[in-house]
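Could you put together the complete structure from these sequences and hints?
Same order as they appear, the protein sequences are chains F and U. By my numbering, the letter at position 35 of the first sequence is numbered 35, and the numbering carries on one by one without gaps. By my numbering, the letter at position 135 of the second sequence is numbered 135, and the numbering carries on one by one without gaps.
Calculated directly from the structure, the hints in this document are not laboratory data. We put the CB at the ideal spot given by N, CA and C, even for glycine. Incorrect hints may have been included.
[As the list claims (entries may be wrong)] Listed next, with one range per pair, are the computed distances between beta-carbon atoms:
1) F:K95 / U:L69: 36 to 42 Å
2) F:P66 / U:A123: 30 to 36 Å
3) U:R140 / F:I44: 51 to 57 Å
4) F:M62 / U:N137: 42 to 48 Å
5) U:A93 / F:I44: 19 to 25 Å
6) U:K115 / F:D41: 40 to 46 Å
7) F:S86 / U:S50: 25 to 31 Å
8) U:S50 / F:Q39: 24 to 30 Å
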Amino acid sequence: MKKLILPMLAVIAGLAFSAFTLPQEKSNTANGYYWYVVQGDQAIPEQLISETPISREDAIDMSPCPSGSGDDCLRGFSLPITENESSSGDVTPVKKP
Amino acid sequence: MKQRSFPSLPLLAASFLILLFVYTACSKLLHASQFIQTMRLTPFAGRFASSLAWMVPGIELLISMLLFLPSTRRRGLFYAFLLMLSFTLYVGAMLLLLPNLPCSCGGVIKSMGWKTHLVFNAACTLLAWTGWRVSSNDRRTSNLLLQ
Numbered sequence: 001m002k003k004l005i006l007p008m009l010a011v012i013a014g015l016a017f018s019a020f021t022l023p024q025e026k027s028n029t030a031n032g033y034y035w036y037v038v039q040g041d042q043a044i045p046e047q048l049i050s051e052t053p054i055s056r057e058d059a060i061d062m063s064p065c066p067s068g069s070g071d072d073c074l075r076g077f078s079l080p081i082t083e084n085e086s087s088s089g090d091v092t093p094v095k096k097p
Numbered sequence: 001m002k003q004r005s006f007p008s009l010p011l012l013a014a015s016f017l018i019l020l021f022v023y024t025a026c027s028k029l030l031h032a033s034q035f036i037q038t039m040r041l042t043p044f045a046g047r048f049a050s051s052l053a054w055m056v057p058g059i060e061l062l063i064s065m066l067l068f069l070p071s072t073r074r075r076g077l078f079y080a081f082l083l084m085l086s087f088t089l090y091v092g093a094m095l096l097l098l099p100n101l102p103c104s105c106g107g108v109i110k111s112m113g114w115k116t117h118l119v120f121n122a123a124c125t126l127l128a129w130t131g132w133r134v135s136s137n138d139r140r141t142s143n144l145l146l147q
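Shown next as structure tokens:
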């Protein structure tokens, strides 16, 4: 029985931690966007920066834009895209400096 | 005088790995749609994303059950070692090939960078291997004592 106490505590802790991290991730969804790197004139689904919605500032931190002509560098969408997207997204795009 | 006994290394390793697997498996299952979406982006798993999204947490929970029971703990530690080794190789490959892609991991582990994740996985792999080796040696010693 003694040999089961520690594993039992581990199971309970694992379940508890996974339950408590849920609300925090949900709150991110309300404030953020799915950000994609723009290639040419299109946002590319494979170039998703973070699988959870994140703020504009976090997107810039995670994928710094190379200097360029002021073209779009990152575009944010409310929902994940599955195909190349030429629209400017659901929020003001991040431009190349 | 009553001697105070400390938990053995295999028991500690098994308990930590149970915590890790139960936590990450439940997080993946609770966010199944996000997990599938990220898996689709990875070149190695793209086609099998949906199947893998259920299989990976399923295997983690199965190994947790093996680790939980004293009679199957040694086998559980070996399978945990194999699983962590495969995760470590996957993270290593992602770090080399596609460092910009998000991690399809469970819970707070996905907020680690790829490099931190690689070190964490390597440490867990080493822990599982050490636990398995120690429990194998303990078993051999007790068999010799019985003979």
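We went through each hint and held it up to the structure:
Checked against the given bound of 36 to 42 Å, the beta carbons of K95 (chain F) and L69 (chain U), roughly 58 Å apart, lie outside it. One distance hint, 30 to 36 Å for the beta-carbon pair P66 (chain F) and A123 (chain U), holds here, with the actual separation near 35 Å. About 55 Å separates the C-beta atoms of R140 (chain U) and I44 (chain F), a value consistent with the hinted range of 51 to 57 Å. Between M62 (chain F) and N137 (chain U) the CB atoms are about 45 Å apart, so this pair conforms to the stated range of 42 to 48 Å.
At roughly 21 Å, the beta carbons of A93 (chain U) and I44 (chain F) sit within the given window of 19 to 25 Å. In this structure the supplied range 40 to 46 Å is violated for K115 (chain U) paired with D41 (chain F), their Cβ-Cβ distance being about 33 Å. Between S86 (chain F) and S50 (chain U) the beta carbons are some 28 Å apart, a value that agrees with the proposed interval 25 to 31 Å. Separation of S50 (chain U) from Q39 (chain F) is about 27 Å and conforms to the stated range, judged on CB atoms against 24 to 30 Å.
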